[in-house]
Amino acid sequence: MPRTSHWLLRGLRHVDGILLTLALLVLGISLAVVTSASGQSPVRISGHLVNIGLALAVMVLMANVPPHLLSKVGPPLYAAGVVLLVGVALFGEIRNGARRWLDLGFIAFQPSELLKLALPLMLAWYFQRNEAVLRAKHFMVGGILLLVPFLLILRQPDLGTALMLGASGFYLLFFAGLPWKVILGGATLGAASLPVVWGLMHDYQQRRVLMLLDPASDPLGAGYHIIQSTIAIGSGGLFGKGWMQGTQNQLDFIPERTTDFIYAVFGEEFGYAGAILLVGLYLAIVARGLVIAARAPTLFGRLMAATLSLNLFTYVFVNMGMVSGILPVVGVPLPLMSYGGTALVTLLLGMGILMSVATHRQLNKS
Amino acid sequence: MPLATPLKNLDRELARFHGRLKAGGIFVVLLAAALLGRAFYLQITQHDYYIQRAENNRISLVPVAPNRGLILDRKGRILAENYSAYTLELARAQPHDLEATLTEVAKLIEITPGELRRFRRLLAESHEFETVPLKSKLTDEEVAILAANRYRLPGAEVKARLFRNYQAGPGMAHVVGFIGRINDRDLKSLRESGREQNYRGTVHIGKTGLEQSYETLLHGRTGFDQMETDASGRAVRALSRIPPVPGKDLRLYLDEGLQAVAEHAFGDYMGGLVALDPNTGGVLALVSKPGFDPNLFIDGIDPETWKTLNESPERPMVNRVLRGIYPPGSTIKPFMGLAGLELGVRKPEDTIVDPGYFSLPNSSHQYRDWKRGGHGIVDLRRAIAQSCDTYFYKLAVDMGIDRMHDYLQKFSFGEKTGIDLEGESAGLLPSREWKQRRWKKVWYPGETVIAGIGQGYHLTTPLQLATATAMIANGGKRIEPRLVQAVRDPFTHVWQAQPVVVHEQLSIKPEDLAVIRQGMMDAMRPGGTAAAAAAGAPYTIAGKTGTAQVVGIKQGARYDAGSLSRKNRDHALFIAYAPAENPTIVVAVMVENGGHGGSTAAPIARAVFDYYLTGKRPGNMKLEGGSDASD
Numbered sequence: 001m002p003r004t005s006h007w008l009l010r011g012l013r014h015v016d017g018i019l020l021t022l023a024l025l026v027l028g029i030s031l032a033v034v035t036s037a038s039g040q041s042p043v044r045i046s047g048h049l050v051n052i053g054l055a056l057a058v059m060v061l062m063a064n065v066p067p068h069l070l071s072k073v074g075p076p077l078y079a080a081g082v083v084l085l086v087g088v089a090l091f092g093e094i095r096n097g098a099r100r101w102l103d104l105g106f107i108a109f110q111p112s113e114l115l116k117l118a119l120p121l122m123l124a125w126y127f128q129r130n131e132a133v134l135r136a137k138h139f140m141v142g143g144i145l146l147l148v149p150f151l152l153i154l155r156q157p158d159l160g161t162a163l164m165l166g167a168s169g170f171y172l173l174f175f176a177g178l179p180w181k182v183i184l185g186g187a188t189l190g191a192a193s194l195p196v197v198w199g200l201m202h203d204y205q206q207r208r209v210l211m212l213l214d215p216a217s218d219p220l221g222a223g224y225h226i227i228q229s230t231i232a233i234g235s236g237g238l239f240g241k242g243w244m245q246g247t248q249n250q251l252d253f254i255p256e257r258t259t260d261f262i263y264a265v266f267g268e269e270f271g272y273a274g275a276i277l278l279v280g281l282y283l284a285i286v287a288r289g290l291v292i293a294a295r296a297p298t299l300f301g302r303l304m305a306a307t308l309s310l311n312l313f314t315y316v317f318v319n320m321g322m323v324s325g326i327l328p329v330v331g332v333p334l335p336l337m338s339y340g341g342t343a344l345v346t347l348l349l350g351m352g353i354l355m356s357v358a359t360h361r362q363l364n365k366s
Numbered sequence: 001m002p003l004a005t006p007l008k009n010l011d012r013e014l015a016r017f018h019g020r021l022k023a024g025g026i027f028v029v030l031l032a033a034a035l036l037g038r039a040f041y042l043q044i045t046q047h048d049y050y051i052q053r054a055e056n057n058r059i060s061l062v063p064v065a066p067n068r069g070l071i072l073d074r075k076g077r078i079l080a081e082n083y084s085a086y087t088l089e090l091a092r093a094q095p096h097d098l099e100a101t102l103t104e105v106a107k108l109i110e111i112t113p114g115e116l117r118r119f120r121r122l123l124a125e126s127h128e129f130e131t132v133p134l135k136s137k138l139t140d141e142e143v144a145i146l147a148a149n150r151y152r153l154p155g156a157e158v159k160a161r162l163f164r165n166y167q168a169g170p171g172m173a174h175v176v177g178f179i180g181r182i183n184d185r186d187l188k189s190l191r192e193s194g195r196e197q198n199y200r201g202t203v204h205i206g207k208t209g210l211e212q213s214y215e216t217l218l219h220g221r222t223g224f225d226q227m228e229t230d231a232s233g234r235a236v237r238a239l240s241r242i243p244p245v246p247g248k249d250l251r252l253y254l255d256e257g258l259q260a261v262a263e264h265a266f267g268d269y270m271g272g273l274v275a276l277d278p279n280t281g282g283v284l285a286l287v288s289k290p291g292f293d294p295n296l297f298i299d300g301i302d303p304e305t306w307k308t309l310n311e312s313p314e315r316p317m318v319n320r321v322l323r324g325i326y327p328p329g330s331t332i333k334p335f336m337g338l339a340g341l342e343l344g345v346r347k348p349e350d351t352i353v354d355p356g357y358f359s360l361p362n363s364s365h366q367y368r369d370w371k372r373g374g375h376g377i378v379d380l381r382r383a384i385a386q387s388c389d390t391y392f393y394k395l396a397v398d399m400g401i402d403r404m405h406d407y408l409q410k411f412s413f414g415e416k417t418g419i420d421l422e423g424e425s426a427g428l429l430p431s432r433e434w435k436q437r438r439w440k441k442v443w444y445p446g447e448t449v450i451a452g453i454g455q456g457y458h459l460t461t462p463l464q465l466a467t468a469t470a471m472i473a474n475g476g477k478r479i480e481p482r483l484v485q486a487v488r489d490p491f492t493h494v495w496q497a498q499p500v501v502v503h504e505q506l507s508i509k510p511e512d513l514a515v516i517r518q519g520m521m522d523a524m525r526p527g528g529t530a531a532a533a534a535a536g537a538p539y540t541i542a543g544k545t546g547t548a549q550v551v552g553i554k555q556g557a558r559y560d561a562g563s564l565s566r567k568n569r570d571h572a573l574f575i576a577y578a579p580a581e582n583p584t585i586v587v588a589v590m591v592e593n594g595g596h597g598g599s600t601a602a603p604i605a606r607a608v609f610d611y612y613l614t615g616k617r618p619g620n621m622k623l624e625g626g627s628d629a630s631d
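Protein sequences, first through last, are from chains A and B. Mapping to the numbering used here: the first sequence position 233 is 233, numbers consecutive. Mapping to the numbering used here: the second sequence position 600 is 600, numbers consecutive.
Because the hints were derived from the structure by calculation, they are not lab data. Being a predicted model, the structure only gives us computed values, none of them experimental. Using N, Cα and C, we set each Cβ at its ideal position, and we do this for glycine too. Some clues are possibly wrong.
Said to hold, decoys possible - Below 25 Å or equal to it, Euclidean Cα-Cα: the simulated BS3-like pairs (lysine-lysine) are:
id	chain 1	residue 1	chain 2	residue 2
1	B	394	A	181
2	B	410	A	116
3	B	394	B	410
To be verified - Residues on chain A that point at chain B, a partial pick, calculated with CB under 10 Å:
id	residue
4	175
5	208
6	234
7	242
8	243
9	247
10	252
11	255
12	259
13	275
14	283
15	316
Unchecked claim - Far from chain A, some chain B residues (derived; all Cβ distances over 10 Å):
id	residue
16	35
17	116
18	228
19	439
20	486
21	507
22	584
Throw the hints in and build the complete structure from the sequences for me.
So, in structure tokens, the structure goes:
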């Protein structure tokens, strides 16, 4: 027994106290909001608790994997992901008009989820390997490594996931030192090609964008979600209607309110003050991540920590922007808030990597 | 140099990375500012707007239909009342098989073919989101059976609905009328009059009779329950209630007992009778025989029954008192006589010698008196008492059609009386100008002759006759007939009397009026045309008989009632008031195919007078429960 506890305590040494505290605060808020949004459903609450426990365990586990080991996982994971994406393109199962799922007989999953972690790992590994001789050609290779899965996912079609993946790949290239000239040039080119992209977009994608510009044009159809969530948030006011007092929430007006639209429930019941607190907590998590990145001893650690931090906030922005009606509706959960095991585990796994980078400094230096 | 470069590069790379971190941090802060800016806009700037939207989402108004006002007779006996009953209704806007549900229902409770036919008709008329009643007045047992089998009956629901009961039966149908389900036409008129909102939650509306003409008072004001509802529209809890204002109760002048006596007095005959209070215009009785059962119409009548009622040759749906138009015949004579005196065409003492016919100057055509050989020497009083045709032929010619028209019009002939029921006919009072306009033909002198005894174009309703007779009884006051005497406020329970509407006060010389009254009294005395009907009455009656021709009688032929089939026999008319010295009741009777007024119509009026003035019922009349308790 003493040996076991010693082993466990050693494992906990790699946990970053600040990150853990911040994550637990957001998870605490999440538990309260899920309780309210689910109508105090015992099934939902206990399910959420199990998910949180599981995800925290995965986080602690990842914190104990040294970065140099983790970096070695990058290439095979990336290769496997790309192969599976090709597999999806060839044999994938069509659900809701998109070829996203791969049925492996015992489990059906979306390989695009795998790439969300594999791509940054792959790129970070690649730049770390060529750290000493970094030149333009390496950025071109990095760009290709990014574009292959990006285009495969875009073809499925899954614009939302492709963009999120593209963002994380872009962050990594950015932190690796992608020249500003290229970034600005690319941005200009991108803006110029918007009409072309619009033409290539599918009907439902165009509709989502149009609906965002004028949700009232389809109040009972697709616009209903955005209208009801903005009503919920707006009616919350400065301090909100109080926990479990939100009428939009309690009377079923908010769709998907424990998952993607949980921010609407939170905004209604806790108001603008709550929104400031929540965004503040996310900013603190990002700040801690950037500090870890700044202090990281290796390029791999720096790139991973910085990318994961920005990535987290990108999810926050896309979700909250969607729910409050400034971005189109894309199925992106709110980090640490939305109910749902997969997203929570993936997220805390990323935080585990951050903690690993933070706590393996000396070890790596030695 | 080659050795130093990588190291120097590493430092530079690290510095650049820190720069990139700052840029990334700024980027994140900008995104956060955008989110909080949007939140500020929604939650602070636009808060009032969104809180209103949320309240609108949350709160819905559920209409609460008011109780309909009662209709009572003058003694407070209930003619129309409410009761609530369970109704099985089927929703048509359900994604289910209606026929399958119908089959299932029929397995559980009895659905008669009539109910099914009615349901199909209502279904065809209904709107998409309405529920259509299949069977009303469910028994407790049926409600229990349906409740237990709800899962088998998608789209079927048992609802508590307010209904109307007309316990007075067919005799009162033409007075009280009936309510029926609101149809497209009703809805349109409600919309046009801006009353649509007040009928949210109301299923029925007055269709005929008082139910129709007093709809606004009877209906009341719809209340609203403020309900908190969820996104699917299900009510979660009640927040507040604006209570409905019940409709006002109506108390009539009409006496249910008198009505029953009058109806009974008709025996097998069809026809119409109206009794008025000459001082108020109050309708004491209004009978149109045959009647019908108004209860059939409340929840939609089945098509077969409707066809039977509507196509019956007896035309039970037609209110003969208001809409039946007949030539007034000899009942016009008192008014003609008054016109002669008032216009200075005749003096009371002027006499004629009646040879039994009248001829126009330079014409051989004989306008015959009903009495072969004539009445001898007659003055006006005697001419009325004996209904001498020749006297009035001559009077009409001396007066001329234009003066006749103008004077008779003052007695409501050719005009609506203004009774508080809808659908009244104005009848027809002919004039030279009318004929020119209507037929583009000149007026012939012969038409004036027969107009003098109420034949020809002149058509009148029994109600017009009663209104005119009331003017003789009350000294020239043309009062609008009224059924409703008072209206009761649902909160204070105070009866508020309805005003007596005097349409016009005609100035008649008392001595002229006295002659006419004397003539009408003489008609009820031995030697008069209706003497038999007045025999033994402990009060004095003033009256006048008349007959309205159904088939024309050829020149030279004689009318022989015995040789004509009953449906071709003349309609019998009678107008009267009593007590003659101080009249309190006026009656106008029309008996279809009753032959002579004195023999069939006058006895009916007598029965009405007897009951009203002495409380005596016809000897052979069965005493019906309810009518007697308070008599």
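- Query: When the hints from earlier in the document are held up against this structure, which numbers fail?
  - Reply: 1, 2, 5, 7, 8, 12, 16, 18
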